Amino acid sequence: MSGPNRLNGGLIDRRTSVIFSFDGKTYQGHAGDTLASALLANDVRLMGRSFKYHRPRGVLTAGSEEPNALVELRSGARQEPNTRATVTELFHGLEARSQNRGFSLKYDFMAINDRFSNFLTAGFYYKTFMWPRAFWEKLYEPIIRKAAGLGSVSFEDDPDVYDKGFLHCDLLVIGSGPAGLMAALTAGRAGARVILAEEDFITGGRLNAETHTVDDMSGSAWAQAVMAELTSLENVRIMTRTTVIGAFDHGIYSAVERVSDHLAIPENGKPRQILWRIYSKRAVLAAGATERPIAFENNDRPGVMMAGAVRAYANRWAVTPHQQVAVFTNNDDGHRTAADLIAKGVDVTGVIDVRPDAPKVAGAELFAGAQVVNSTGRLGLKSVQIRLANGELRDLPCGALAVSGGWNPNVHLTCHQRGKPVWNETLAAFVPGGELPVGLSAAGAANGGLTTAAALKAGAGAAVQALSDLGIQAQMPDLPEAEDTPISLTPFWYVKEGKGRAWIDQQNDVTVKDIKLAHQENFRSVEHLKRYTTLGMATDQGKTSNMGGLAVMAELTGKSIPETGTTIFRPPYTPVSLGALAGRSVGKEFHPTRETPSHKWAAEQGAEFVEVGNWLRAQWFPKAGETHWRQSVDREVLQTRKSVGICDVTTLGKIDVQGKDAAAFLNKIYANAFAKLPVGKVRYGLMLREDGIAYDDGTAARLAEDHFVVTTTTANAVLVYRNMEFARQCLWPDLDVQLISTTEAWAQYAVAGPNARKLLQKIVDPEFDISNDAFPFMACGEITVCGGLRARLFRISFSGELAYEIAVPTRYGDALIRKLMEAGEEFDVVPYGTEALGVMRIEKGHAAGNELNGTTSAFNLGMGRMVSKKKDCIGNILSERPGMNEAGDLNIIGLRPVDPKDPIPAGAHLMNADGEISAKTDQGYVTSAAYSPVLGCSIGLAFLKGGADRMGEILRVSNPLEGTEIRAEVVSAHFVDPEGERLRA
Amino acid sequence: MIINHPLLGPRDAQEFTYLGDASLISRPDAQDDNAAEKFHDYLYLRDNPAGLHRELWFHESGDRSWLVVTRNTVTHEITDVQLARDVARKEGRSK
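These protein sequence lines map, in sequence, to chains A and B.
The first sequence begins at 1 in the numbering used here and counts up by one.
The second sequence begins at 1 in the numbering used here and counts up by one.
Derived from the structure by calculation, the hints contain no laboratory data.
If you're wondering where the values come from, they're calculated on a predicted model, not measured in any experiment.
Please note: incorrect hints may appear among the correct ones.
Below, in silico cross-link-like pairs of lysine-lysine (BS3-like), each with a Cα-Cα straight-line distance of 30 Å or less [stated by the list, open to error]:
1) A/Lys901 to A/Lys642
2) A/Lys513 to A/Lys559
3) A/Lys344 to A/Lys360
4) A/Lys281 to A/Lys164
5) A/Lys870 to B/Lys38
6) A/Lys623 to A/Lys496
7) A/Lys676 to A/Lys871
8) A/Lys871 to B/Lys90
9) A/Lys901 to B/Lys90
10) A/Lys281 to A/Lys382
11) B/Lys90 to A/Lys499
12) A/Lys499 to A/Lys559
13) A/Lys660 to A/Lys869
14) A/Lys642 to A/Lys681
15) A/Lys642 to A/Lys660
16) A/Lys676 to A/Lys164
17) B/Lys38 to A/Lys588
18) B/Lys90 to A/Lys660
Among chain B residues calculated to face chain A with C-beta under 7 Å, some are [to be verified]:
19) Met1
20) Tyr18
21) Ile25
22) Arg27
23) Leu45
24) Phe58
25) Arg64
26) Trp66
27) Val81
28) Gln82
29) Ala84
30) Arg85
31) Arg89
32) Gly92
33) Arg93
34) Ser94
Okay, the calculated beta carbon distance ranges per label pair [to be verified]:
35) B/Asp86 to A/Leu719: 50 to 56 Å
36) B/Asp32 to A/Thr855: 36 to 42 Å
37) A/Lys762 to B/Gly62: 42 to 48 Å
38) B/Leu7 to A/Lys270: 46 to 52 Å
39) A/Asp734 to B/Gly62: 20 to 26 Å
40) A/Lys270 to B/Gln14: 21 to 27 Å
Backbone N, C-alpha and C fix where the C-beta goes; we use that ideal spot for every residue, glycine too.
Chain B with its partners taken away, still in its complex shape (with noise of 0.2 Å):
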């Protein structure tokens, strides 16, 4: 596969180490009343859909940027790639 970097071009997925779902990025505040459930849900909880997924990728071989990558799981077409930054700056962590 070829993962397409927002900051370097297409790159081989073999640069890069997976994590899993993009959902791992929106964790769980640890003051609210029932975090523990929360994050129960974040650790354990996870759609594994065929078709579109928003999923971490580590450029670990290359530049360390975190990625989301949007990626179907029955053709691998990868959709969208963005920074993880970005993705979690917009998703409400900046803090």
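Here chain A stands alone, though its shape is the one from the complex (with noise of 0.2 Å):
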């Protein structure tokens, strides 16, 4: 015996007991069952405390609408709150916690709220607390959040995986209940390959939950035949446990599928959750339909409970709620919840029906055209109050009430591109209308066909239309025999009588009273009824409680309900955990991590790496006893000035451009001319937006007349290329060129220092001269190198020294380091990093990111000169437009301190020496500074107005943010060798 309160029957497996526990205590139940049904079966009614006012709360409903039932579950890193009783399905050892409660769930010294409850009421946030201000942040929030949190999260890392599928179908099929069976079957049958998706963890809906048979079988014993058969068929693809959470553009549906959330920890390499992306061409939605209840006062009391939610208890998890069972109900599908229960053998003493035509019930005394006016318990349901027909108060003992205020479809997904839901009168419903999501039509209860037969029709329709569509033949199948009443509803939203609060939407704590008050201070309409007061917020998204409170402002507002409207359905339709939508991508795994080839020879160096986009580059090799970065930066810079340092910039992006008018392509890409640059050189080039501002600069080197190597900055690869392919097929589409990029087929090393040439000499074969006469600055060429190994090899230098760049195929790259090391020997090479790169160019005046941040243009970088007027280029009409070269914008200088011991802090602002500090005296910025090993002093690159002639001034150089200011000369950007000769030696 698994509790008190277990029934026979049932589709519960009874040799199997599962062990777990609630606050502490422990419980059996069985497998099959889920946690709100086995603590059911265990006489446990109270399950959890309200939102807002603390208020006793127990379970609701039977599925995924569950606003009440929260709970904490697992613990650990595993912690998970705000999880649903009702579709937790129960494991051994599972540990469950109620939420939002004080010291323990029964007593709760934060149910004091339930006492202010008239301070708390639809727009307390706005009203309460607006002063003093600063008051909110530090005071009313916390305590706010405190009192009105939901579950609490472990802060620990998820230790489980969550990863991320991709499907494809003829026809996805969103729910197994008798429609969703009979799509699948339709579609299967004829061939088409179809998912079938079920978020609950057996198929059938509720054919589970009914008795009603279906041909000669109970529901569910004609529900597994069906699966029997579907299994078998290779085409379709059965997921159960799979919620479909969205309805895309263009037939794709999003999925969650709970693999491992019925386990303690997930088996073995499984992951927890998949998020699927399924493509369909067609999609059935058979979703079913959602009870709404009946609002009265204290109807939130742990026993009230949806009646058909009470059926699938009874039927399907052989559980009552409590051994005396009272209905409350304003159609005849209530009644079928007294019937079930009084043939399972539970004491049913009353239903009440609001209609004085109620149809006699057998078995239970019947109360027509009564209402259940007050409810008591303070914990669970004693009794209910009705008011008769005749005008009497009765009081009838109960420990649950099942309410029926009839069936909502549920139309959800059909919203999810703008579809309007249209009203039906005889469900008192919304139905699927206007415009459905691409592919997806609605079929079964989801549809408004709420009746058994209603729904395997609809099913097998549904299938054969969209199967046509695709032009797949399908038969449409024997249609079973199966129960086909119909609807008998009178609209019935919430009792009027009564003064104290009858609550529609018991998550967010919402009354009758405040949707009241909302309409009295003018929030009207849905959208902001909503905002105001939190209904149909929150993980349920008011799957039970927003038509309530739609129809109580239709009735305030004297319009119909169909006139007040409905709020819009987003995605998802039930929460989803985040770790799921994550996916792979957590930790280090966020992105794609990129190493260069020389990457694990630079770690076994102890380099420091950082990160460049996705790219790991090494910033400097500190050396046994640096104990600052910068000894080894200093150091860095020092050596490659004095003899050679290598470097490896194969991240910077390189373009292969070929063809025959590879040179007239080049000529339109950079502001500056190409077509004339001859075999064998390369040039330094800049490129412009079409706006005229600069954006990314590199080299270009002429490999052959046909032939050219562009190289980009490394943050610009990806946006440069990009460019390039427009300019290619969309400007000119016939000019004879090719491209592709080679980023990752090079490994690239710059060898900087007066001893480069002879350490490359080294390793260049010896048939490639590259003496300075032979192979000069800007000259290029393909080489080989250590005995055949094919190179490029381009007399560039950013450093300002005699420099080369040598590349190698990437899968060389490795080797290549080491050999340069090694050949260096001699002169002490020393590998340098990004800073010792950077250092290096501050000190040369070359320009970087910082200074092609998006708002400067060729004349700002003191490149004005190199845009050609001659030739159409991209941006260069519109960098001649007013206000981009005009004399006394900005120019970029060089900065140096006036105290030597003065650091120039990069992005602090340029003042004259006297006057005033403020944004309309600004004269400029800094964008680049470091330390110059070389001066022996912190230099900077700025941008000053009308710079080019201000050398020699001194600047204040302000940094009010950190309180700082320096005095600077301005000096020409060209720190170090500004005739450029060691670059040409």
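Since each chain comes alone in its own frame, lean on the hints to assemble the complex.
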């Protein structure tokens, strides 16, 4: 026996006992139970405290629409808040705890909120705590957050793996009740590729919860027979524990499969959940319907439940929430709950039906034309008070009340693409309408066909129609015999009697009074109503409450419900864990890591690495005894300038440009001229945006008449390539030119310093003369090294030294760096990282990303004269527009501190030597700064108004953010070797 | 969204990078007398229709084709996809 409330029958496995705990107490359930059904079986009705008022709450539903029974599962790193007990499969050792309570669930000191409910009505956030302003962040908000919280998180890393996957199908069937099963069966038999997605852990939907027969079988047996056939079909994929959460463009759906949520720990190698992206040609929504409550005073006590849920607990899980149950309904369907419970031997103390002509129930007292006006029982329902048709009051003992206000089709997914549901008078509910997502049709209860027979027929019909659109002939299967009782319902939303609170939205503690208050304060549109009262927010998104709220508002405004409208349904249909959305993109795998060919070697040298986009680059190479990064960087700079240094520059973008018109093409891409660049020469190139702003620079090397190699900055490698393809395909479609990115194909090293040539001569094969005469500054060529390895050599210099860049196929990159270091031993070669690279380029006055910052023109950069006026190239027309080249505009200059001890802060603003310091008197700003070990002081590059004519002027370098100010002299940006003698040596 | 690539068939929009209005193909002639004005209009004046829109998509994670995609900005329905190069040629950019 697994609890006092366990009945006979059901779809649980009584031979398998499952031990679990709730709030530290151990209970027993069975395989097939949910946490909610097992707790009810053990006579636990109280499962949580409400969000705002800390009212005792129990389970309301038996499905994913549950607003109340939110629990915290597991412990340690796997602790998971806000899980619905109604969809939590029971597993051995499951630990569950109630949430949002004080010391214990039964005695919650925060329930004091309930006494002050008058202060906590709709809009209380906006009305209260307005003053003093500073108190909000420090005092009010933390208190409110604590009082009105939901569950708590572990603050530990999730130890489980989440995955993402992609699926394709002809027909996606969402839901596996009678409509979904028939749709899948029809399409499966026709040979179509079918995916059947079911959020529950068993298929069958309401067939498992009802006593209706299908043909001569029980509904669940029929569902199992269909499943047996579907399982045998290779073209049908059945996905249980899978919720389709959103309908997106062009037949794409997303679904979350809870692969391991029903296990204590995922099985070896399996993910916890998978987020699927399903590409469907057609889809059938067979998501069923959700029952809605009737609000009355104190209708939130543990034990007040949906009638369909009570029936599901009895029939599927063999559980009654209490030994005495009453029913409150406005429709015939509610009576089924009474009948099913009576058949199971439960004492049904009464059926209260608001309709005066309600049908007679066998075995229970009927109160036709009556209403439930109140209830008693602090921690669990004890009785309800009924206003009889004749006006008398009567108390009816019951520990559970099964409430039915009718059923709402689950239209959510039909609205994910602007579809507007339409009102159906017979059901008093919205059904799918307007424009459904392309390729989607709804069938069964989701489409308003609430009987089993209607669902079976509609499911089969929807599949035949969908497949016929795809040119697949499907046969309508023989439809089994099933119940087809017409809907009989009198719309009834809330009981007007009573001064207390009648709960519309139990998850957000929104009452009828709150909606009246919102109306009174003119928050009358449904969207305003939602935001003002919080109706329909949070994990259940108002699945059981939105209609009630709408109905109250409609009544107050004197409009019909369809005129009042519905809020827009957006994905996801049910809550999705962040882990599933992140998938594998967590921690180190958040983005790809790109390593250069010398990475392993650099790591062996103890290099510090820095992230540059996805790349990891060596930042500096500390040596034994160096305790500060500046020591390493200064050494690298000095040794490179003194002898020779090597830097991995593989990350620079490389684009191979080939074709008869390659030169003509580059002439259009670069602002400066390229058509006449001789073979065997490299040229610096500046790229502009079409608006005339400089956006990237690099070099283009002409290896042959029809072959160039273009380099870009590391950051813009992707963008430059994209723009070049745009120019090639869209602007000049008939130039004979081909592009390919070769960034990853070549390992490239800068070899810089007075001994660079001597070092290279040791590895360049002897038939290639790289003497200064044969291979002067800006030469390039295809050579071989180390006895035949093909390589490219470029005599270019970023450091200002005699320098080369040598490239070999990537797979030789590791070998080459080792070879270069070995060959350089006699020159005391140093490897240098991005810091030393930066210092040397600042010393040389070369612009980099800091200067090409998206706001600067060629003129600002001192390269105005480079922009060709003779040719048509991207950006040159608008680079001439007014305001781009005015005298007095920003020019790039160098800065040297007056006191050599002062550091120049990058980002600081330049102010005249005297006068006000303000935005108005701003003279420019520092873009790059570094300590120059060559000059023995800090230096900077800056943009200064009219800077070209202000050499020698003393300025204030102002950093109000950090409260510093120094004085600096305006100098040429070329701090080292301004004549360029070294690089030509 | 799915973009029906003229060469590769249906591909997920995630493989593409979006640029914008296909009028960017119609780059003005730099030799025109009022070239600056025309470049200004080319760069800064765009229609923003609620409905059919011809736009440029780059198959960055694919074959690197630029495509002109005609998409309804309200429904995301895609009614036509062409290679941008073919469009450019039709618009007289073969020179």
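### Hints violated by the structure (numbers, ascending)
6, 9, 10, 11, 15, 16, 17, 20, 23, 27, 28, 32, 35, 36, 38
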